[in-house]
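2 protein chains.
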Amino acid sequence: MTIRIDQKPQVDFQPIHQSVPITFHYDVHFTRGLFETNNPLLAKIMVADRKARIKQAIAVIDSGVLQHHQQLLKKLQDYSEHHQNFFTLVGKPIIVKGGEECKNSPKLIESIHAFIDQVGLCRHSYILAIGGGAVLDLVGYAAATAHRGIRLIRIPTTVLAQNDSGIGVKNGVNAFGKKNFLGTFAPPYAVLNDFNFLTTLDDRDWRSGIAEAIKVALIKDADFFEFISIYVGELVSRDRSIMEQVIYRCAQLHLQHIANSGDPFENGCSRPLDFGHWAAHRLEHLTNYRLRHGEAVAIGLALDCTYSYLSGLLSQQHWQKILTTLAALGFSFYISELGLTSYNGELFQGLSEFQQHLGGELTITLLQEIGKVREVHQVDLKCYQLSVNVLENWVKSQRENLFS
Amino acid sequence: MTIRIDQKPQVDFQPIHQSVPITFHYDVHFTRGLFETNNPLLAKIMVADRKARIKQAIAVIDSGVLQHHQQLLKKLQDYSEHHQNFFTLVGKPIIVKGGEECKNSPKLIESIHAFIDQVGLCRHSYILAIGGGAVLDLVGYAAATAHRGIRLIRIPTTVLAQNDSGIGVKNGVNAFGKKNFLGTFAPPYAVLNDFNFLTTLDDRDWRSGIAEAIKVALIKDADFFEFISIYVGELVSRDRSIMEQVIYRCAQLHLQHIANSGDPFENGCSRPLDFGHWAAHRLEHLTNYRLRHGEAVAIGLALDCTYSYLSGLLSQQHWQKILTTLAALGFSFYISELGLTSYNGELFQGLSEFQQHLGGELTITLLQEIGKVREVHQVDLKCYQLSVNVLENWVKSQRENLFS
Ligand SMILES: NC(=O)c1ccc[n+]([C@@H]2O[C@H](COP(=O)([O-])OP(=O)(O)OC[C@H]3O[C@@H](n4cnc5c(N)ncnc54)[C@H](O)[C@@H]3O)[C@@H](O)[C@H]2O)c1
Ligand SMILES: NC(=O)c1ccc[n+]([C@@H]2O[C@H](COP(=O)([O-])OP(=O)(O)OC[C@H]3O[C@@H](n4cnc5c(N)ncnc54)[C@H](O)[C@@H]3O)[C@@H](O)[C@H]2O)c1
Ligand SMILES: [Zn+2]
Ligand SMILES: [Zn+2]
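As you go down the protein sequences, you meet chains Y and U in turn. Here the first sequence is numbered in UniProt numbering, starting from 1 and rising by one per residue. Here the second sequence is numbered in UniProt numbering, starting from 1 and rising by one per residue.
What the hints contain is simulated information worked out from the structure, not anything from laboratory work. Because the structure is a prediction, the values reported are computed rather than measured. Hints should not be assumed to be uniformly reliable.
Pairs count within a copy or across copies, as identical chains cannot be separated in the list.
What the hints assert, rightly or not - Below are the DSS-like pairs computed for lysine-lysine, each with C-alpha atoms no more than 27 angstroms apart in a straight line:
1) K178 to K107
2) K97 to K107
3) K170 to K107
4) K92 to K178
5) K382 to K396
So here's chain Y without its partners, still in its complex pose (with noise of 0.2 angstroms):
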């Protein structure tokens, strides 16, 4: 409409239907020694823009990162001296507690945009995130809601952040006893894979990746779960060079659904790369962070099959290949400080919050068979009682068999 001069005043005014494209571009790096002067990878991306001006960067470090890789300031000092021309290290590096503890407390984040305001990062500035899965959660919310976002460059350095949380579009901190309450989508600047970094992982969290691995085979693809199983050996005495395509083929899986999906920001009530998450985020918050995110997906998942199975949607045989790979890669159906029948009630109330936090309709994804899933709107809580029990039995068989 152009409003015309002569133009008799409107009485109705049609409602202006707006519609706004927008895609997100992030390019997904797998390397070695990041931030040996040599490694031209991280300089390049930050001037990738073209525009003139030495940008700005600070970085926020995991401490659990830090520990074992004590060179590693020293390190980021000299890359960013080598490449002057290219950027400026601005300040300290920000260094944070590891771990989920960091995603409990506010006062990180307050003190993470004060610093932004302080050495006074732009919009067309770089937050380098160095770390686990929490603390790439933890700055990326920070990062996101500075300034309506500032770039970040996610640098994951476990498994499961390399293969799953720190590859994806999402952010978020816990608030009010709730997971990832807080939160917001914003697709990283980048993201450095540096397998290096896996070396010092503890065995925990070098398993703890490998269930977000067996996750997206399960829903997506039955030969890379036939990988997984087949090189479960390797996995466990920690073959670097098997591990590397473990990750690199989840990440690949990830980034195609969220690509392809066709709600990248979840508007709607589908999420099956939340397969065996309700359970799991509850049973984190059940345990207070005792089970590493990984180890509580891996029992989601066996309960999840499990129910798949009772429920008479999975076969025996893939029931069994699957519990029997989470098994030998190390992972534990039971959780000792929880008298598995007493607290159905409080697990089972999970799936309220999982449904609250997604929003709209329950949608629970079960597997139908290994690469293949079938969302359901009802579950029966009486069937999954059973599959608690199946699994506990399991578990407790299995300990027989190993003592006997």
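Start from chain Y and add chain U with the ligands according to the hints.
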């Protein structure tokens, strides 16, 4: 890539290029008497997603609106009872103090988050935000960050909010003394402009929003500028019908720009809709928000148009027409508390703050003619200084004319 089981371990992993396409849709409606029980608009919108469940909603209301619309709480209550098959209003509406002050108070965000948690809103529930631009910005930020985004229905109640701030894709609150330091890009679920609210605006708020209409007319639509300048008298005497047309056209131009700019989330440096805003934001801050946003924008427009004229870009005729129109509407270009010559340093700090907030290269929008812009990346501070003096004299001579 499908991993083959017999495959040799790979040594080199190619980067994965991720593209995440998404299109946001929302409608901007124009109505009167939104909360009359016989107006189905709001209820219809809430159930338009065709999900069977009765929807949950909470409301957050601007205290300044309530003060002048004392029936609003009762009407909202009646409306929700009348449409109880569609939605439930959970909890009592939250009332927040209207005006810029609310954007300076982090406690308010926390309490909205706490309320969302307490009543158990899910991502498919609704938050109704009723108020001026400041309240909408605050509530929008809280809504966008809870559960990574709860559906926000904006119900703007000022001219500025109906034609600009309430219809776009941004939210924000102030921090570290900086305007909108915190915020996100988060398109609303819907915007419902109820013209009836405008009758109770005081003259300053009635006028203030017209500045944004002039801004967008200057940069995009000479006919629209002509329309405004012809109907200045009607606008000053609060002709509702003319104002409604100004709002509609202004909203349309803003929405078109956001949809078609190719950069709705402002990743580039160009921001024509922020014409006149570098000085406006700084002046709001320098006057401790005594100036309304639109009043500050009017000064910013006058300044940047004068600069455009003095630097040889804009014709004298167009320049005079713009200043005359702004003045005829009652906008003032001179702010009494500020000795203009002494605060220039302070004022020009706004240029670097603007650059920081946008990111990257300084990009200032100037006017070439009414309806046509030119972007520049450098400005001549002496010429800006001169522009300030010219404006000061312009105002003085106007005043002398009045009293002579
Ligand atoms: N944003 C998402 O899409 C998404 C998806 C899945 C999971 N997550 C989140 O990710 C988090 C879990 O991430 P995680 O599994 O990486 O665990 P984590 O971040 O809690 O890290 C586990 C431990 O490993 C340490 N660590 C990190 N890197 C190390 C290294 N290279 N060497 C030695 N120690 C190291 C950390 O300090 C920490 O103590 C959870 O908060 C979960 O909610 C987010
Ligand atoms: N998000 C964006 O894209 C965007 C764009 C432009 C401006 N803004 C923001 O908008 C804000 C300014 O908004 P505004 O101009 O609407 O002012 P405002 O929200 O500050 O409201 C001005 C005053 O009017 C009162 N009021 C509101 N509705 C009323 C009514 N119907 N009757 C009587 N009084 C009423 C309020 O209580 C307040 O006291 C600024 O914070 C600015 O930064 C945001
Ligand atoms: Zn997970
Ligand atoms: Zn504005």
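Evaluated hints:
In this assembly of identical chains, the alpha carbons of K178 and K107 lie at most 27 angstroms apart whether taken from the same copy (17 angstroms) or from different copies (19 angstroms). In this homomeric assembly, K97 and K107 come within 27 angstroms of each other (Cα to Cα) both inside a single copy, at 12 angstroms, and across copies, at 26 angstroms. Taking the closest pair of Cα atoms, K170 and K107 come within 27 angstroms of each other both inside a single copy (20 angstroms) and across two copies (25 angstroms). Taking identical chains as interchangeable, the C-alpha atoms of K92 and K178 lie at most 27 angstroms apart only when they sit on different chains, with a minimum of 23 angstroms there against 32 angstroms within one chain.
Taking CA atoms no more than 27 angstroms apart as the test, K382 paired with K396 passes inside one copy only; the shortest distance there is 21 angstroms, against 82 angstroms between copies.
When held up to the earlier numbered hints, the structure conflicts with none and fits them all.
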